[in-house]
Structure formats: structure tokens, C-alpha cells
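K.L.:
Just so you know, the protein sequences line up as chains A and B, in that order.
To convert a position in the first sequence, counted from 1, into our numbering, add 29.
To convert a position in the second sequence, counted from 1, into our numbering, add 4.
Hint data in this document are derived by calculation from the structure and do not stem from the laboratory.
Glycine included, C-beta positions come from ideal geometry on N, C-alpha and C.
It is possible that part of the hints are untrue.
[Stated by the list, open to error] EDC-like cross-link-like pairs, simulated, lysine to aspartate or glutamate; straight-line CA separation at most 20 angstroms:
id	chain 1	residue 1	chain 2	residue 2
1	B	K346	A	D116
2	A	K127	B	D373
3	B	K238	A	E84
4	A	K272	A	E295
[Said to hold, decoys possible] Listed next, the stretches of chain B that the computed footprint assigns to chain A, with coverage defined by at least 3 CB atoms under 8 angstroms from CB atoms of chain A:
id	segment
5	83-92
6	104-113
7	200-208
8	239-248
9	326-335
10	364-370
Here is what each chain is made of, one letter per residue.
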Amino acid sequence: MYKEYEAIIGLEVHAQLSTETKAFCSCSTKFGKTPNSNVCPVCLGHPGVLPVLNEKVVEYSALMGLATNCNINEYSVFARKNYFYPDLPKGYQISQYKEPICSDGFLEITTANNEKKRIRIERIHIEEDAGKSIHDSGSETLVDLNRCGVPLIEIVSKPDIKSPEEASLYLQKIRQIVRYLGICDGNMEEGSLRCDANVSVRKIGEKILGTKTEIKNMNSFKNIERAINFEIERQIDLLEDGKQIDQQTLLWNADLNKSESMRSKEEADDYRYFPEPDLFPVIVDEAWIEKIKTQMPELANARCERFINQYNIPEYDARILTNEKSLADYFESGTNFTNDFKSLSNWVMVEVLGIINNEKISIKDFPISSENLTQLINFINNGTISGKIAKEVFSEMLTDNKTAEQIISEKNISQISDVSELKEIISNIFNDYPKQVKEYIDGKEKLIGFFVGKIMQQTQGKANPKLLNEILKNKLSSLKNN
Amino acid sequence: MRPIYSNHKEKLSKLISGELSLIDNVSYFLKNIEKNNHLNTFNFVFEKEVLKQAEIIQDKIKNGTNGKLAGMVIGIKDVLSIKDKPTTCSSNTLKNFNAIYTATAVQKLIDEDAIIIGKTNCDEFAMGSSNENSAFGTVLNPNDNTRVAGGSSGGSAAAVSAGLCDAALGTDTGGSIRQPASFCGVYGLKPTYGRVSRYGLTAFASSFDSIGPFANSVNDLSIILEVISGKDEKDSTSADEPVTEYIKFDKKFEKIKIGVPKEYFGEGLDTEIETSIKNKINELREKEFEFVDITLPHTQYTIAAYYILTTAEASSNLARYDGTRFGHRTKEYRSLIDMYEKTRSEGFGKEVKRRIMLGTYVLSAGYYDAYYRKAQKVRRLIKDDFDKVFEKVDLILTPTTPTTAFLIGAKIDDPLTMYLNDIYTTSANLAGIPGINIPIGKDKNGLPIGMQLLANQFEEEKLLSTAQLINNII
Ligand SMILES: [Zn+2]
Numbered sequence: 030m031y032k033e034y035e036a037i038i039g040l041e042v043h044a045q046l047s048t049e050t051k052a053f054c055s056c057s058t059k060f061g062k063t064p065n066s067n068v069c070p071v072c073l074g075h076p077g078v079l080p081v082l083n084e085k086v087v088e089y090s091a092l093m094g095l096a097t098n099c100n101i102n103e104y105s106v107f108a109r110k111n112y113f114y115p116d117l118p119k120g121y122q123i124s125q126y127k128e129p130i131c132s133d134g135f136l137e138i139t140t141a142n143n144e145k146k147r148i149r150i151e152r153i154h155i156e157e158d159a160g161k162s163i164h165d166s167g168s169e170t171l172v173d174l175n176r177c178g179v180p181l182i183e184i185v186s187k188p189d190i191k192s193p194e195e196a197s198l199y200l201q202k203i204r205q206i207v208r209y210l211g212i213c214d215g216n217m218e219e220g221s222l223r224c225d226a227n228v229s230v231r232k233i234g235e236k237i238l239g240t241k242t243e244i245k246n247m248n249s250f251k252n253i254e255r256a257i258n259f260e261i262e263r264q265i266d267l268l269e270d271g272k273q274i275d276q277q278t279l280l281w282n283a284d285l286n287k288s289e290s291m292r293s294k295e296e297a298d299d300y301r302y303f304p305e306p307d308l309f310p311v312i313v314d315e316a317w318i319e320k321i322k323t324q325m326p327e328l329a330n331a332r333c334e335r336f337i338n339q340y341n342i343p344e345y346d347a348r349i350l351t352n353e354k355s356l357a358d359y360f361e362s363g364t365n366f367t368n369d370f371k372s373l374s375n376w377v378m379v380e381v382l383g384i385i386n387n388e389k390i391s392i393k394d395f396p397i398s399s400e401n402l403t404q405l406i407n408f409i410n411n412g413t414i415s416g417k418i419a420k421e422v423f424s425e426m427l428t429d430n431k432t433a434e435q436i437i438s439e440k441n442i443s444q445i446s447d448v449s450e451l452k453e454i455i456s457n458i459f460n461d462y463p464k465q466v467k468e469y470i471d472g473k474e475k476l477i478g479f480f481v482g483k484i485m486q487q488t489q490g491k492a493n494p495k496l497l498n499e500i501l502k503n504k505l506s507s508l509k510n511n
Numbered sequence: 005m006r007p008i009y010s011n012h013k014e015k016l017s018k019l020i021s022g023e024l025s026l027i028d029n030v031s032y033f034l035k036n037i038e039k040n041n042h043l044n045t046f047n048f049v050f051e052k053e054v055l056k057q058a059e060i061i062q063d064k065i066k067n068g069t070n071g072k073l074a075g076m077v078i079g080i081k082d083v084l085s086i087k088d089k090p091t092t093c094s095s096n097t098l099k100n101f102n103a104i105y106t107a108t109a110v111q112k113l114i115d116e117d118a119i120i121i122g123k124t125n126c127d128e129f130a131m132g133s134s135n136e137n138s139a140f141g142t143v144l145n146p147n148d149n150t151r152v153a154g155g156s157s158g159g160s161a162a163a164v165s166a167g168l169c170d171a172a173l174g175t176d177t178g179g180s181i182r183q184p185a186s187f188c189g190v191y192g193l194k195p196t197y198g199r200v201s202r203y204g205l206t207a208f209a210s211s212f213d214s215i216g217p218f219a220n221s222v223n224d225l226s227i228i229l230e231v232i233s234g235k236d237e238k239d240s241t242s243a244d245e246p247v248t249e250y251i252k253f254d255k256k257f258e259k260i261k262i263g264v265p266k267e268y269f270g271e272g273l274d275t276e277i278e279t280s281i282k283n284k285i286n287e288l289r290e291k292e293f294e295f296v297d298i299t300l301p302h303t304q305y306t307i308a309a310y311y312i313l314t315t316a317e318a319s320s321n322l323a324r325y326d327g328t329r330f331g332h333r334t335k336e337y338r339s340l341i342d343m344y345e346k347t348r349s350e351g352f353g354k355e356v357k358r359r360i361m362l363g364t365y366v367l368s369a370g371y372y373d374a375y376y377r378k379a380q381k382v383r384r385l386i387k388d389d390f391d392k393v394f395e396k397v398d399l400i401l402t403p404t405t406p407t408t409a410f411l412i413g414a415k416i417d418d419p420l421t422m423y424l425n426d427i428y429t430t431s432a433n434l435a436g437i438p439g440i441n442i443p444i445g446k447d448k449n450g451l452p453i454g455m456q457l458l459a460n461q462f463e464e465e466k467l468l469s470t471a472q473l474i475n476n477i478i
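Full structure from sequences and hints, please.
P.N.:
This is how it looks when you write it as C-alpha cells:
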């Protein structure tokens, strides 16, 4: 029965901007400091304080707008969103309401069956973050206001998203863009990237939108897919039972794998928005927007295209390499030290990514520099070591903080690539195993593996495998022909 | 010994010559404050510090290293922050609250060696026209102790009027400097919106609030304004306009043309005030002033627009007094909402609650367009009225108040009549223009009568120079 329905999903994404100071005061935005240490009279909301806009916040927001094909509005207005909560010292949040900084944009996602899909963006507006209520101290609720006043942008999509998978892809795309722009670290666990979803369902073919619900508190990509999926099925089940969907806000409970009602429509706050009298409207002109455009870095899509052309690597590789800016930087700095871009790509995609994904570290904390990795690749290419040995050297590089060159020379593991030396080793093996030589000549050609194995055993794997194969084949076939 | 100077310039020269001792002067003020304790003008007096301060500044004067306001003894309305001093806004909600930083305007006074003698009483959160809405009690009018001093800066006006300090800072959101100045018979200036930084002024209505001085002379208003004005990085709405040495009064204006709006002389205006002002106009007409009749057609909407917009802003500005982080918190509560409700019910007085409710209502979904948006449009129209008039005239002259100081308790249960007391003063705040109260005499009961002069935005120099000229004539 689920197949008869379609889901209509819109996402509201909050990205914490990585400015040095808060949106409206000069406090630091550093995460994880002692509670209530990054505060001042302004962000504490003391009587008589006034907000002063951090201009970097406008720049960062405009960058995001430009990266998502939005109009940058030359006139935007701050508004107060009024509600009472312990982590909101002023009793209102400074936000933008009717006149946001950016509007009418879009971004493109690539779906699982490799189709490009455009998701429209309704608006991007600036606001300040609230503090954090901490409930784990007995019956008391404690409030940490370090986060209070940290700048956020809220990116509101049109309801163009049709499935939990698309929602996740859209959010991944946003995360990729903010990280490429360097305006947000995109860390969902720490809450620097947050997402709420508006979900409704309707029978395929119907024109009228169903009643929508809002889901909050989905703090990972996995949870977003699960929560939206849960909500779609919950709504369809209700409709199939002939019941109504209540407009409400739900909280996703990741431990129980289900959503729980937070408040109904009747309990919803009336935020009493009105223009913030302490701040003038933000006015930007064409020249300013042009200046911001010059700060725009190369984004993932453009970089992917360039990698394909410049380094002649497959689109598949380029996509993976450019998914994260830091990984693309790693690859690209390696290209200064080798011309074998495809091998470099393979090593980065398989070995390097394998380790950072396994150990959940960032490429910035990866112990092998791209220059040292390239040196290792070059040792394979010039025949100094085999690919198999290279993997062992790579493992040692991870732990020993040594270069490939140091490890190879210390362990004396450079390959035997000398033809006459290899010929002599082969002759000795033939002498040791005359029976097998005879069998080979009689047609049991797969015995070539046997010889390779024996030689590798004897040379502790140092024989250049390609060369060995060549010489061995030549020798055997000449024996056969005689 | 009662001060023997008529303005700060004279005081400073006497301090320099040694004719006047600053320590004696400050001691005199302290004694006089004590003697007039019944007036309720001061919420807090800084007895200990001011004498020490007087010594330091006396030395600076001796060494010639003193600032412009050296030795000027100033009271500060208790809505302005001074670090480590109480800032109560005359409210129970902040009765035990000490500010953790100093307001820009106050800091500028201190930097010029003024002596801050204490915090003056006012209506709670500057909401009121009689200074009867105060957790510290009603301020009495020094001219007649059965009458109000006016509000909301009643303590500042009465303190200057009673000779308890040389000058005082007040705030004016709809007449809160000019009206009590008029009731108490002193000079009071509301500068252009943005002229003086609001940083450290506890907000009532952010787009209306202005800080300004009370004094016994135009000279002193001028020098204080000169010190406290200017762009402040901490207040985005503060203006980047040049600050003049107003006190020089040396800029010559062509024959001053003054507009008299007919809407300000209609029903409700006390006949004695009307006659008094008309007489002044006639006196001035004989000198170098030209008077023309003007019209400010949207005047009848000012009170309505004013009370919608200021209460809307106030409802949001006062949300922070919720008992979570500072100020009063109720003793017992069952839940977060319960704490908010009890804390705010106990902490705020009747008038403040009335305005929070009104402001919350006009911003509510479904009412915003009918009230808030419409009032914003009216504000625009009122500003346009003034813009048009100022194309033709230099200044506007009106009564400051429709009546002289009324009896204590006379209007406290009738908010609408109380609000109408601001009928001539609120328009300047809606338009963001400067205005001054000039005392022009007394009525038959011996109560001061005030005349208001209004100028276009940032034309304080013209306003003060003319006030000084008028002062010399009458
Ligand atoms: Zn701060």
C-alpha cells in the first residue's frame, strides 16, 4: 500500500557559521569551552545591551547564497522572534523573517540511479543560536550560554524532496558546500549542522497537499533517513486506517527508533515577529556582491570536472576524491610529485580513505603526507618494490612516521630487478625441482605459479614479480620448444 | 552653603580660582539630599565615593589636567548602567541587581571628570508620566509637595529643581525628560534619536528612547550634550553626525522662523498655559523672531501610534526579566512556566504589566497588521508632517504639557487621561527629532509652566542657540 503514496518533504537546515566571533558581540565562538566562559553582557542579555552585527556573518551568508544559486537581496531586515526559554537570555532570538538575505535558489543532487535532481531553495536567513540547557544535574536545569549568539544560517528548501534518501543526499550536498566554502565545519554530532524536516504524504495523482508534520532532533544522516521514513509510514498507516493526521511537531528519539510528539498545533508559539529596532536593515550593493563573488572558492562539482580533465581520471574517482574538500586537497597536492595520477587516485581512494573511514579520523590527521605517499607510488613504478611489498611499507609508514625510502633501505626490501640475478635464481629452482619442470614441459602450464611461489619464498618476496614472470615464461617456453 | 554660580562655566572658574571648594560643594549637595529625603528623588546616593572623587578632581583642577565637566555634580536616572552599582529601573524585579558594565553616556561624563552623585528615581522601566509607578515611591514636586514631579524621569527633574545636584541625566521615550522638566521648572533636552548612544540604557522602546540632560541653564544642557553625544561602536543606531561645541552659541542663524502648530493649542490645553505661551510669542515677535502658523495634520494619531509601537517594543524588551539569570525570582514554583508567571507577576508593577500585555496583543498573529503595521505607517506620516514643516520653518514652538503639575493620585487610576499628558511630547519621539523644555514662568498656584521648542533631526545647535536667545529675552 505504501507504493500508492508519495511523500512531500521540505528541509530546514541550520548551519553554524565558523566566524571567529559571535553574530552580535565580540565573544569567541569556540566549541567545548568551560560553560559560560564565552559570554559578555551582550550575549547574556543584560539590561541596556545592544547587538552589533558581525559583518563576516553577512559575507558568509551571501557566499552560501551564491553557492546555491540564490538572489542576494540588497535589502534585508532583522526581526525579533519572541519566546520564553531558559537558554534564550533576551526572551527573543534575533533572526530574519519577511526579508531574508538570500532567496530563490537551488542545488542539484545526484540520486542513486545517477540522475541529477534539482531541489529549490526558498530562502537563506541569518539568525543567532540559543544556549544549551543541561538537564543532567539532579532536578536542576543548568544553562550554558557559550553557544548563545553564535551565528547561524537557516537554509529552507522548497518541498521538492520525495524520499528519505533524497533528504539525506540534499543534506550531504549542503554539508559539502558549507565545508567547501569554509563557513561551517558541518559537524552533525556537535550540532554545527542541524536539520528539521516537514513531511506530508498524499496518494499519487492527488493535487492537494496532505497535512504536514515537523520532525526535529535528527542529528545524523542515518537518523534523518530513519526519522523521515518512520514518519512517512506513520502518516500512511493513519490514512489507511481512515484516521486524520494532526499538524504537530515531533522529536526523533534515536534510542527508541521512533518519533514522539513534542507539541500540537494549538500549543505552537506565536512568535510575535517584528523588525529588530536595535539594528538597521542590511543593505548590500552590486559592487559588494561582486566582491563576495571573487571570494568564492572552486566548489565540488567544478573541481570534479577539472580533476577528470586535468588528471585524466575516471568520473567515479573524481567524484569520490572531490566529495570532501580536504581529501581533494590531499590528492591534488600529491599530483605535484608524480605523473601517475591514476595510481595516486587508487591509493587515496582505497588505502587512505579505508583508514580514515575505519578509524573515523579526518584526512588532516592522517599520518602520511601526500608527498610521502607519492614517493611510495613512485618506488612501485620504478620497480624498486612490488605492489605487495608497498602495502607492507605503507602499513609501517602509518605507525613509524618514516618515509618509504627510509623503510625500504633499513629493511633491505628493495626488489631484485636485476635480470641476470633473476635468471640465476630461476636456474637454481629448476635444478631443485626437475620433476615439476618436466611436468610443465608436458603441458601442465599452471605450474608456473608453483615456480613463482618457490622463488618468492626464497627471495622473501623481493623478486620483481613482473620481471620474474617474464623471464620465467621465456625460460620455460624455450625449454618446451627444445 | 547654596551654590553661588549660575552654570558650570562659572562654577569651574570659581573652582579654578579657589573661590569655591569642590569638597564643600559636594558636601552641600549630600546634606541637601538628606534634608530633602521626603522628595524621593534619589534611589541611591554614593556618599562615600563622591567626597573621594571631589578630592581627586579638585587636584586635577589645581594641576590643570581636568576634563570639561570637572566638578559638575550629576544625578543619573536609575535606568542607566553604572558598573557595580545598582540599576533597578525603580522596579522590584531589579531591586537587588548590580550592573556589570557602565553605559556609554555615563562613562563619557566620568571621563570628563563629572561627579556622579547617585541614581535618581523614575517610573518603573521609564513607563509613566507622574513618577508614581516606582518601587521606591512617588517623587514629590519640589514646588508643591502635594503634586507630582512628572515622569518618567521625575527624580532627575526634581533633584535639579530642588538643588540636589548641578544636573542630571534622564531618558525620554515620549516626553519623559521634557514633561517632568516642565512640571519642575527646569531645562530639559531630548536630543535627536541616535545622537547619544543608548548602550547601557535599559530599553523601554528601543526606537524611541533618547538620553538627555536636565539642568538649570541652556549652557549646561549644551556642554553635557556635547560630552555625551557621538557615534558609539556598541550602538548600531547611534549616529555618525559631527558633534558641535554647542556651548559656544557662536553660529549665527538668519532671522529665526518659528512655526506654531494649531493642533497643539486646542481642546485640553490649560488656558493659563495658553495665555502664558501666547504672551511669550508676542514678546519674541517684537525681537528678531518671525512666527508662522503651521499645521501638523496627523497630530491626533500620535498618542495611539505611540502607545502601540512603544508597548510592542517594550513587551519584547522586558522579556528578559524572567528570573532565570538575574533579578527577582519567585521563591516557590512547580514548573518553568509557573516560575516565569510568578516571577513576572511579583516583579513588575501594574503599569508595566499593562504595557507588556498591550504590546503582546498588538504583535499577536492576526492583529499585527491592524495595529503594529498601521501604527508604523502613522509614524511615517507624522515624520512626513515634520519634514514638510521644517522645509518652511527653523523651529516649532508648543506648550510642553497641557496642564501644570497635577495632584498626586489624581490620574493614577485613569491611564488614558494619564497618557494624554504626553500629547505634545510624543510626536518628537515618533519623528526622532530633538526638543527642549524652557521654563517660562509660573501659574497662579506657583507651579512652573514649560514651553517646548522642537527642531529638525540633528539641529540641536539651532535649538540650543535659540533657547539661549529666548532665555536672554524673557
Ligand atoms: Zn558575548
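K.L.:
Which hints, by number, does the structure contradict?
P.N.:
Checked against the structure, no hint fails, so every one of them is satisfied.
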